[in-house]
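Could you build all of it, start to finish, from the sequences and the hints given here?
So the sequences go chain by chain: A and B. Sequential numbering of the first sequence, starting at 1, is according to the working numbering. Sequential numbering of the second sequence, starting at 1001, is according to the working numbering.
Quick caveat, the hints were computed from the structure, so don't treat them as lab data. Just so you know, not all the hints are guaranteed correct.
Listed below are the simulated SDA-like cross-link pairs for lysine to any residue, each with C-alpha atoms no more than 20 Å apart in a straight line [as the list claims (entries may be wrong)]:
#1 K1028/B <-> Q280/A
#2 K279/A <-> Y1039/B
#3 K279/A <-> L1063/B
#4 K279/A <-> I1102/B
Computed beta-carbon distance windows for the label pairs [claimed, not checked]:
#5 T3/A <-> A1009/B: 41 to 49 Å
#6 E288/A <-> K1076/B: 44 to 52 Å
#7 R1019/B <-> E124/A: 47 to 55 Å
#8 S1010/B <-> K279/A: 21 to 29 Å
#9 D1029/B <-> G164/A: 33 to 41 Å
#10 R244/A <-> R1022/B: 25 to 33 Å
#11 P74/A <-> Q1097/B: 27 to 35 Å
#12 G127/A <-> P1012/B: 52 to 60 Å
Even glycine gets a Cβ: it sits at the ideal position worked out from N, Cα and C.
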Amino acid sequence: MRTSLLRERLAAAGAQFRDRLGVEVVSHFSERRAEYAAVRDAVGLTDFSSVRSFRLPEDKGIDFLDGLLAGNVPKIRFGRVLHTLLADDDGWVIGDCYVANNDQEFLLLCESIVPDAELDAILEAAGGTEAGLEDLSPSHVLLSLDGFRSWEVAKHLFGADLLGLPYLSVENYSFEGKPVRLFRAGKTSEFGYLLLAPQAVAPTLFDALQAAVDQRGGRLCGVDVHDDLRLEGRFFNVHAEGRRVRDPLVLGLQWMIDFDKGPFRGSEAIQRRRAGGLKQKIIGVATEPGTDALQSGTAILHEGRPVAEVVAAGFSGVLNHALGLAVFPVELAFSGLTFRLAAPDGPPVRSLSMPPIMPKSLTVKLDEM
Amino acid sequence: MATESGLAASDPVRQTIDRRARIIRTFKDELVRRLNLPYTPEDLHEDVSLLGSGLGLDSLDALEIVLCVESCFQIKIPDQNIAVLRSINTVVDFVIQEQDRIGGRP
Chain A
1 MRTSLLRERL
11 AAAGAQFRDR
21 LGVEVVSHFS
31 ERRAEYAAVR
41 DAVGLTDFSS
51 VRSFRLPEDK
61 GIDFLDGLLA
71 GNVPKIRFGR
81 VLHTLLADDD
91 GWVIGDCYVA
101 NNDQEFLLLC
111 ESIVPDAELD
121 AILEAAGGTE
131 AGLEDLSPSH
141 VLLSLDGFRS
151 WEVAKHLFGA
161 DLLGLPYLSV
171 ENYSFEGKPV
181 RLFRAGKTSE
191 FGYLLLAPQA
201 VAPTLFDALQ
211 AAVDQRGGRL
221 CGVDVHDDLR
231 LEGRFFNVHA
241 EGRRVRDPLV
251 LGLQWMIDFD
261 KGPFRGSEAI
271 QRRRAGGLKQ
281 KIIGVATEPG
291 TDALQSGTAI
301 LHEGRPVAEV
311 VAAGFSGVLN
321 HALGLAVFPV
331 ELAFSGLTFR
341 LAAPDGPPVR
351 SLSMPPIMPK
361 SLTVKLDEM
Chain B
1001 MATESGLAAS
1011 DPVRQTIDRR
1021 ARIIRTFKDE
1031 LVRRLNLPYT
1041 PEDLHEDVSL
1051 LGSGLGLDSL
1061 DALEIVLCVE
1071 SCFQIKIPDQ
1081 NIAVLRSINT
1091 VVDFVIQEQD
1101 RIGGRP
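The structure is reproduced here in structure tokens:
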């Protein structure tokens, strides 16, 4: 099983580990609501080294990535990051990807729902070796700072100039003489920074981040709380709805796809389904406070008939009730409707507009601070 | 899982859907036209984030969305109310809420 280079430190800090597709991840450190509150009110530090990271030289990498991914890689401006997806040959989603145009290199971060060996085979078959693809996963850590005050921690370590970085950008910094690539990104709807750091400085960087996070009332987080945070922010979660639905069009991920560019992996199947018209759509659903939590796989009924199915479920700390995503036929995929959960006389479940919350970070302009 | 709504025209759910669908269609068509988006209106999921992630629109685009709502629905989004601009659906919620308020409906 692949483990994080920071495993000893994480274990010493109280990490509870679990397996995710043959990769060990930290599920949590403490109670889930405490980790949730840390991100919404302060800052959370999460080890996301389970996400695969790759480097490619710019000259060879551009065509390789553009033929592989759904987004338009040549259009990525210098210093910017593209959020796109990786599909299989049948056009089903298998990876949620960031691609960064960083100086003379492209960086690929791929959060995948296929085992490492399968992803490696896909990349190799697509010409990864010829494109100079270098797997950074064994030699780097990927740490995520998320939260209303995460910018304070990032500024503390790397200086005030990072406050000018726009969302979805990349910048190079140095920590103890080693290069650290910083992605201004995140999927919590609060400020977010991903730090890709080499093994040589991973432990000291982690210690410095943890100390700075502690000073600001934050805490270490596992990956599980990010399921709730992504759901509330209506960020695509490849490990939740992505694993159950797979069709990028039903998932509402058209914005990750350039339909006008040349062929990419799975493009023929995706274009064919697009031409046939959308039959189903994923939308947000919620139950009333105090009712049972939503569960993936549960049916949603209208007038006694099953019409939809819950495909992702979590809890909204802001709204204080269960929140989920469900796949409806397009004719019924509208917010503002009330259905029944699980049975004709089951508890009411409402369809709602997403994202249902207004994050604190949207009220702050970093470039004016 | 059912794939057809099978709702009668008299079904109140159908009426709610029809009203919302009309507003969504008008708003999406105008959004794609004004911002010259590289998508068809059908490609735009109603929950897609308008600013930052998702469509990745900037502050100038946000102003265009405000003008778009004003032009299509004769409804003004207050300057400081960026919460409305989270997604197409949140804009539509605001339009419905304002139509009901102005029209005196509950």
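Structure-based check of all given hints:
1. K1028/B <-> Q280/A: Judged against 20 Å, a Cα distance of about 19 Å means the pair holds.
2. K279/A <-> Y1039/B: holds, 18 Å
3. K279/A <-> L1063/B: violated, 33 Å
4. K279/A <-> I1102/B: violated, 35 Å
5. T3/A <-> A1009/B: 41 to 49 Å: violated, 59 Å
6. E288/A <-> K1076/B: 44 to 52 Å: About 33 Å separates the Cβ atoms of E288/A and K1076/B, which means 44 to 52 Å is violated.
7. R1019/B <-> E124/A: 47 to 55 Å: Since the Cβ atoms of R1019/B and E124/A sit about 52 Å apart, the hinted range of 47 to 55 Å holds.
8. S1010/B <-> K279/A: 21 to 29 Å: Given about 25 Å between the Cβ atoms, the range holds.
9. D1029/B <-> G164/A: 33 to 41 Å: Holds - the Cβ-Cβ distance for D1029/B and G164/A, about 36 Å, lies within 33 to 41 Å.
10. R244/A <-> R1022/B: 25 to 33 Å: 31 Å Cβ-Cβ, so the 25 to 33 Å window holds.
11. P74/A <-> Q1097/B: 27 to 35 Å: violated, 42 Å
12. G127/A <-> P1012/B: 52 to 60 Å: For G127/A and P1012/B the Cβ distance comes to about 56 Å; the hint holds.
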